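My request is simple: use the sequences and hints to build the entire structure.
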Amino acid sequence: MEILANIAAGFGAVLTPTTLALMLMGIVAGLLVGALPGLTAVMAVSLLIPITFGLDGVTALAVLLSVFMGSISGGFVSAILVNTPGTPSSIATSLDGYPLARQGRAGEALGYAFITSIVGSLIGVLVLILLAQPVSAIALKFSAPEYFAIAIFGLTMIISVSSKDLTKGIIAGLAGFFLATIGLDPVTGVQRFTTGSVNLLNGFSFIPVLIGLFAVSEALYQATKVAEPNPQIEKVKSIIPKLSSIIKYRWLLLKSSVIGAFIGVLPGAGGDIASIVSYSEAKRSSKEPEKFGNGAIEGVIASETANNACVGGVLIPLLTLGIPGDAVSAILLGAMRMHDLRPGPLLFEYNIVEVYGMYAALIIAIIMIRVVGIFILPYFAKVMAVPKRLLVPTILLFSFIGAYAISNSLFDSFTTLGFGVFGFVMLRFGFPVAPLVLALILGPLAEDKLRQALVMSKGSWMIFVEHKIALVILILAAVSLIFTVRRQRKGKELVDI
Amino acid sequence: MGNLIQGIIACALSILLWLYSGKYVNTKYDLLGPSFFPRMTAVLAFICGLMLVIRWFRKRKDIVDSVPWLAYLKVVAPVVAIITVCLLLMKPLGFLPMSVIFLFSISAFLGNRDYKFLAVYSVSMSVVLYVLFNVLLKIGLPEGVLYYIF
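Line by line, the protein sequences give chains A and B. Per this note's numbering: the first sequence = residues 1 to 497. Per this note's numbering: the second sequence = residues 1 to 150.
In short, the hints are calculated from the structure, not lab data. Please note that the accuracy of each hint is not assured.
SDA-like cross-link-like pairs, simulated, lysine to any residue; straight-line CA separation at most 20 Å [to be verified]: (1) A:LYS141 / A:ILE469; (2) B:LYS23 / A:VAL386; (3) A:LYS141 / A:MET462; (4) A:LYS287 / A:ILE246; (5) B:LYS23 / A:ILE182; (6) A:LYS225 / B:GLY111; (7) B:LYS23 / A:LEU184; (8) B:LYS59 / A:PHE429; (9) A:LYS255 / A:ARG284; (10) B:LYS91 / A:ASN408; (11) A:LYS225 / B:VAL75; (12) A:LYS225 / B:ALA108; (13) B:LYS91 / B:VAL75; (14) A:LYS141 / A:GLY430; (15) A:LYS287 / A:SER245; (16) A:LYS291 / A:GLN103; (17) B:LYS138 / A:ALA21; (18) A:LYS255 / A:GLU281; (19) B:LYS74 / A:GLN222; (20) B:LYS23 / A:THR194; (21) B:LYS74 / A:VAL421; (22) A:LYS248 / A:GLU281; (23) A:LYS458 / B:PHE36; (24) A:LYS468 / A:THR484; (25) A:LYS225 / B:ALA81; (26) A:LYS255 / A:VAL265; (27) B:LYS91 / B:ASN134; (28) A:LYS242 / A:LEU122; (29) B:LYS138 / A:MET338; (30) B:LYS74 / A:PHE429; (31) B:LYS116 / A:VAL386; (32) B:LYS116 / B:ILE101; (33) A:LYS248 / A:SER285; (34) A:LYS468 / A:LEU140; (35) B:LYS138 / A:PHE53; (36) A:LYS225 / B:PHE104.
Predicted model, so just to flag it, every value in this text is computed and none were measured.
Shown next as C-alpha cells:
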C-alpha cells in the first residue's frame, strides 16, 4: 500500500500543466539535439541546468530527464541517415542503419529504431524501479570503507571503459583528482591550491566546469569544421512497424534491454558501451551473422534498445549510492545537489516523493517521446541543415550565460571558457574527458572516506580487510584494471564488431 | 613527438605538484593529511608521463601527430579572444548589447557574410535569451548601459 501511495504522490508531483509543458519542451529540445551530429546528450543536459534554477526539485529533474531521454532517443536519426551518430550511444546503430538507408529502407530503419528505443526505455525504467530501493537498503549498511571502495571501483571502471588508451585515461582521471583537491581540505580546513583567491575556496564550481568540458569544447571543435557542408538529406517518411513485426523480435528486445539496463548500473559504462555490447551479442547469436554490417534490422534493434534501457540502469548507482554511472548522471548529481537533494541511501528515507516523481517523469517522458516523435521525425532533415556558423555562436552564448546564471559571477563564465579550451586541447591530444569529470566527483568522496576510515580504525589499514564488502569491491576494481591492461596489450577492441 | 611532449609535461607538472604539496602539514589527528592525495596524484601522474615518453622511444604512432594544430589555432584563438572581450564587456555594456556583439562577431568570423540576416538573428536571439533568463527565470543579468537609458 505504501508503494501505491508513493507512486500516486510521484505522479501527482509531475502531472501539473507547468511540469508537463516544460517536459514537452525538454523532449523536443532533446530529440533535436540528439539528432544533430556534434551535439550530445551531455551537452544538452549541462546547458539546460541553469534554466532549472527557478524550478522545484521534481520539476527540474523531470525536465533534465526529458532532455536526456529525448537526446538518447534522437541519436539514431543522423546515425541512420548520414552515418554519423547524433550521440555516442548510437554508434552501433549506424553500422546497419546507414546501409539500410542506402538500400532505400531509411523509413523502416527509423521506424524500428523509434519503437524499440521506447521498449528499451520502459524496461530500463522498470529495472530501476524494482532494484533501486533494495540496493539503497543494502547501501544503508555502508560506512566509510565501503564508500571509499565504491569510489575507487567507479574510478577504475571509468578509466577501463572510457578510453582506448589506458595511460591517457588514467592521466585524465588524475587531472580530475587534482582539480578536486583545489579548495578547503575536507578534514583540516587548510586552503589547497587556491592561490589566495576567494573564488576558489570551494574549488571550481561543478556546473561551469561541466558546461565548459562538454558543451564549449565541442562547440569550439565544431567551429573548426564550419567549412564542411551540412549533409543533404531528403525528407524521409518513417514507417512505424506493425505490432506483429515488433513481436517477432521480442526475445532480441528483451535480451538487449537487460544488457542495456545492467551495463548502465556499472559506474563508468554508459549508452555507447551498452549499444556496442548488445550489437555484438545480437550478431553472435544471430542465425545470419553475415548480414550484420550490411543492413540487418536486428542490428538497429539491438543497439537502440540497449542504449535506451541504459538510462534506467544509469540512475541506480546515482540514486542509491550517489555515484554517477556516466557523464550525464554526473550532471544530474550536480542538479540534485543544487535542489537540496542528496543522492544516496537516505534519499529513499527523506525524499521518497522526489524519487517516485523521477520515476513518474521517466514514464511520462517515454510516452511523450512516442507521441512527439511521430510528428517531428519527418522534419529532422531540416534541423540538420542549420548552418554551424549560426549554431556554434548560439551554443557558446548559451553556455556562458548559463554558467553566469549559477551565482551571477563572471568567474564562473571564465571558468567555463577555461575548461572549454582545456577540454578542446585534451580531446585533440587523445585524452578522454569523461574520466576527468567523474574523478572530479569521485575524488573528494574517495579522499574524504579514506581519511574517515583511517580515523575510525586509528590509523590501521586493516579496516579495508575487516570490512568484507569493501574488500570485495576493491578486489573487483583491481580485477577490472588488470583485464583492461591485458586487453590493451593484446590490442583487442572492447567488442569484436 | 606528441607522446614525448605530453610525457615530459606530465612529469614536469607532477614534480611541481609534489613540491608544492609539501607545504600542507599533517596534524596528529589525521594520519594522511592534506598533502597525501595531491602527492599520490603527482606520483601516479609521473609514472604515466614516463610511460608516454617510453612509448615515444618505442616509436609508436600517436593521434597527436596527425592533428592540424595550426588550422585549429587560426579558428579557436580568435573565437576565444572574442569571447573573452565580450565577457569583460558584459557588466559595463549589459547583457543585451554584449550578446548581440557576441553572436554577430563570432558568426561573421566563422564566415557568415549575410550581415543583414546576421544582425536580425543576433538581435532576436539575444532578446529571446534575455526574456528567458531575466524575465521568465528571474535570473538577474547585467543591465549595463540600458540601466541609464531606461
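(Q) Hinted pair, alpha-carbon criterion (20 Å max): A:LYS141, A:GLY430. Please report holds or violated. (A) Answer violated: A:LYS141 to A:GLY430 is near 40 Å, above 20 Å.
Q. Has the given pair, B:LYS138 with A:ALA21, been kept, meaning a C-alpha gap of at most 20 Å?
A. Judged against 20 Å, a Cα distance of about 19 Å means the pair holds.
(Q) Check whether the Cα positions of A:LYS255 and A:GLU281 lie no farther apart than 20 Å. (A) holds (9 Å)
Q: For the pair we were handed, A:LYS225 and B:GLY111, check the Cα-Cα distance against 20 Å.
A: The given pair, whose Cα atoms are some 11 Å apart, holds under the 20 Å limit.
Q: Verify the proposed pairing of A:LYS225 with B:ALA81, using a straight-line Cα cut of 20 Å.
A: holds (19 Å)
Q. Holds or violated: are the alpha carbons of B:LYS23 and A:ILE182 at most 20 Å from each other?
A. Cα-Cα ~14 Å, so holds.
Q) Under the criterion that the straight-line Cα-Cα distance not exceed 20 Å, is the pair B:LYS23, A:THR194 satisfied? A) holds (13 Å)
(Q) Between the alpha carbons of B:LYS116 and B:ILE101, is the straight-line distance 20 Å or under? (A) Holds, because 14 Å separates the two Cα atoms, which is no more than 20 Å.
Q) Between A:LYS468 and A:THR484, is the straight-line Cα distance small enough, at 20 Å or below? A) violated (24 Å)
Q: Sort out whether A:VAL386 lies within 20 Å of B:LYS23, counting only the CA atoms.
A: Violated, because 53 Å separates the two Cα atoms, which is more than 20 Å.
Q: Would you check the hint for A:LYS141 and A:MET462, treating anything up to 20 Å between C-alpha atoms as holding?
A: OK: A:LYS141 and A:MET462 at ~19 Å, within 20 Å.
Q.
Hint check: A:LYS225 vs B:VAL75, CA-CA at most 20 Å. Holds or violated?
A. Since the Cα atoms of A:LYS225 and B:VAL75 sit roughly 10 Å apart, the hinted pair holds (cutoff 20 Å).
Against the hints set out earlier in the document, violations occur for numbers 2, 13, 14 and 24.
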